[in-house]
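> So the sequences go chain by chain: A and B.
My numbering applies: residue 477 is where the first sequence begins, and numbers increase by one.
My numbering applies: residue 22 is where the second sequence begins, and numbers increase by one.
Please keep in mind that the hints were generated in silico from the structure rather than gathered at the bench.
Idealized CB from N, CA, C, for every residue including glycine.
Errors might be hidden in some of the hints.
Pair ranges (Cβ atoms, derived) [unchecked claim]:
id: 1; chain 1: A; residue 1: L991; chain 2: B; residue 2: K68; range: 36 to 46 angstroms
id: 2; chain 1: A; residue 1: K857; chain 2: B; residue 2: H69; range: 28 to 38 angstroms
id: 3; chain 1: B; residue 1: V80; chain 2: A; residue 2: E973; range: 46 to 56 angstroms
id: 4; chain 1: B; residue 1: V80; chain 2: A; residue 2: K497; range: 50 to 60 angstroms
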Amino acid sequence: MSKIVRVNLTKKEVKLEDVPKKYDGLGGRGFTSTVVAAEVNPLCNPLGKENKLVIAPGLLGGTNCPNSGRVSFGAKSPLTGGIKESNVGGTLGVRLAKLQIEGIIIEGKAKDGESYVLFVNKDGATLKPSNELKNDLVYNAVEKLRAKYGEKVAVACIGPAGEAKMAAANISVTDIDGVPTRQAGRGGLGAVMGSKGIKAIVVDGTDAPGVNIKDKDSFNKAAKIFADTLKKDSISGEGLPLYGTAILINILNEAGALPTKNFSSGRFEEANNIGGETMREIILKRKGNPTHPCSPGCIINCSNVYKLEDGTEITGGFEYESIWALGANCGIGDLDIIARLNRLCDDIGLDTIEMGDTIGVAMEAGIVSFGDGEGAINLLKEAEKGSPLGKIVGSGCTCLGKVYGIERVPQVKGQGMPAYDPRATKGTGVTYATSPMGADHTAGYVIAMEIAGCGGKVDPLDPKGKAELSKAFQVATAATDCTGLCLFVAFATLTDERANPAVVDMLNAMYGLELTGDDVTKLGKKVLRTERDFNKRAGFTKAHDRLPLFMTKEKLPPHNTVFDVSNEDLDSVHED
Amino acid sequence: MMKIELRFYATLVKYAEKNEIPQFSFVEIEEGATIASLLNKFNILEKHVHIAMVNGRSVESNQGLQDGDRVALFPPVGGG
Ligand code: SF4
Chain A
477 MSKIVRVNLT KKEVKLEDVP KKYDGLGGRG FTSTVVAAEV NPLCNPLGKE
527 NKLVIAPGLL GGTNCPNSGR VSFGAKSPLT GGIKESNVGG TLGVRLAKLQ
577 IEGIIIEGKA KDGESYVLFV NKDGATLKPS NELKNDLVYN AVEKLRAKYG
627 EKVAVACIGP AGEAKMAAAN ISVTDIDGVP TRQAGRGGLG AVMGSKGIKA
677 IVVDGTDAPG VNIKDKDSFN KAAKIFADTL KKDSISGEGL PLYGTAILIN
727 ILNEAGALPT KNFSSGRFEE ANNIGGETMR EIILKRKGNP THPCSPGCII
777 NCSNVYKLED GTEITGGFEY ESIWALGANC GIGDLDIIAR LNRLCDDIGL
827 DTIEMGDTIG VAMEAGIVSF GDGEGAINLL KEAEKGSPLG KIVGSGCTCL
877 GKVYGIERVP QVKGQGMPAY DPRATKGTGV TYATSPMGAD HTAGYVIAME
927 IAGCGGKVDP LDPKGKAELS KAFQVATAAT DCTGLCLFVA FATLTDERAN
977 PAVVDMLNAM YGLELTGDDV TKLGKKVLRT ERDFNKRAGF TKAHDRLPLF
1027 MTKEKLPPHN TVFDVSNEDL DSVHED
Chain B
22 MMKIELRFYA TLVKYAEKNE IPQFSFVEIE EGATIASLLN KFNILEKHVH
72 IAMVNGRSVE SNQGLQDGDR VALFPPVGGG
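Model the full structure from these sequences, guided by the hints.
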């Protein structure tokens, strides 16, 4: 029987609840967003006791369906003030699913200065005081927790940034090696966890009952077909395992859409030094690992382990977004410096995308200069110390831009933009503008068609038809985010007609349902509507579904284009 | 003759090696050349080239080339 773990930090109370009908069969983002919309006052302060942090594995989590191990974190975001879902790989989702936990809801708030670990195992959940972990960097805290609770536990942990409730704080999750290389990065959910007084969640999967599958034969048959589509696809079967996601650096650079030096150009002269090809060479030379699965059951293996020249294992899951953010966007063309910045972000518990945007704006403000790696490292160290400048850095690019009077701040709804300049990838720009999450590429990954030419080629510079395309991607993604599937299955689902039906077949076989592809689309639409409605009640209007004005006026080299999708088109995304 | 900048990426770098030219280099091609004739000249299998860009725009193989063009060749790549 699946259950919900409800934890109240004000009362120090942990309850196991049956799953009420209204939350049943949702999974992942469907679960987190539905619970947040139903139980959280949209007008609350995100760091107050009225906010809730909700955690849920996907509908296919814990099964032998490949790449189904994602886990969603949701709450009202301290960065955007709207609803937030951020999902992550690693081992947490699989462990929770196998313990038959449909979701964890963390509510209330501990007294200032109190710090707890939420420990979950087959017998339920308990709160354990954890003052000894206070202000520990994430890697240190995880090491202590694994020493105490066992090597095999899954851990979700915040760093000093989360404890200090900085709006760009993330939540780190351990990968299959027990290293906290995976981050639920966006929207400041680490600050929500910190505000509750939770330093870490530790999940021990020993003797877990495992998931129930109604029709195992049909399930296995569909899972096998699905695995075949992932293996046969040239991106998920060849490109990603070979080079990781950083393979995108060079193609975005060629396309003139790689945001460089705080979104002032679409090309970075040192791009190839930080691209996937160079990274692979360095990793092989230093005997790191270029092809690594972050999560049990992953057969794409886009992750990696990166070592410095002296053999120190500095970081893992070193991926395109982080390398772009802390590299090209800051004018830094040295992978070792970027790796150190990445590790600092993961250790302090700050989102790499938001930090890349923030340091970019700080460079524009002249606090340090573009290309100054040591200067960037010092800015993050200020955040670790919690100095006034450090707190501004840890609050994200919108905050820093305001404090320093900077106009060119790449954000939507207060959240910094990811690694695609919307002036040269206009469908992605529509996603940034209209997603309930703020500027988020995963919410509607039109790049697959605009740049990768996957599932059809479209001209990234043409504004026509992009609202429709973004909408289709946003709906499909919202549904995918309920299943626990890693977004990188999309390259197969866009090109292999066997892939989507296999997913529907697995859902039907597992839960004894008779869903069609249309029902899955409807689920995606419902999730988006729920999120949008929360934001509306939180005070969001159409005016929030816009890119910053400078992007409609300031031309981006080398194509010298502006963002010119009309406001009517942007608003059409949420009609019906 | 025209001079273009030719850039190989990811697994296609092997074609630069086979032709004994750097990953990024300037090469001479005939007037009136297209992407298809360029691939042919360097013995590059067209099916290995998923995306060809000329000056940052993705093009089809019948695209004509001009003096000074920047041509980038990619196998299937993706990520996020
Ligand atoms: S494809 Fe990459 S992100 Fe997805 S589960 Fe595998 S390693 Fe993790």
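> Decide, hint by hint, whether the structure agrees.
Hint by hint, here is what the structure shows:
In this structure the supplied range 36 to 46 angstroms holds for A/L991 paired with B/K68, their Cβ-Cβ distance being about 37 angstroms. At about 46 angstroms, the CB distance of A/K857 to B/H69 disagrees with the hint of 28 to 38 angstroms. Between B/V80 and A/E973 the C-beta distance comes to about 27 angstroms, which lies outside the given range of 46 to 56 angstroms. Between B/V80 and A/K497 the beta carbon distance is about 54 angstroms. The supplied range of 50 to 60 angstroms therefore holds.
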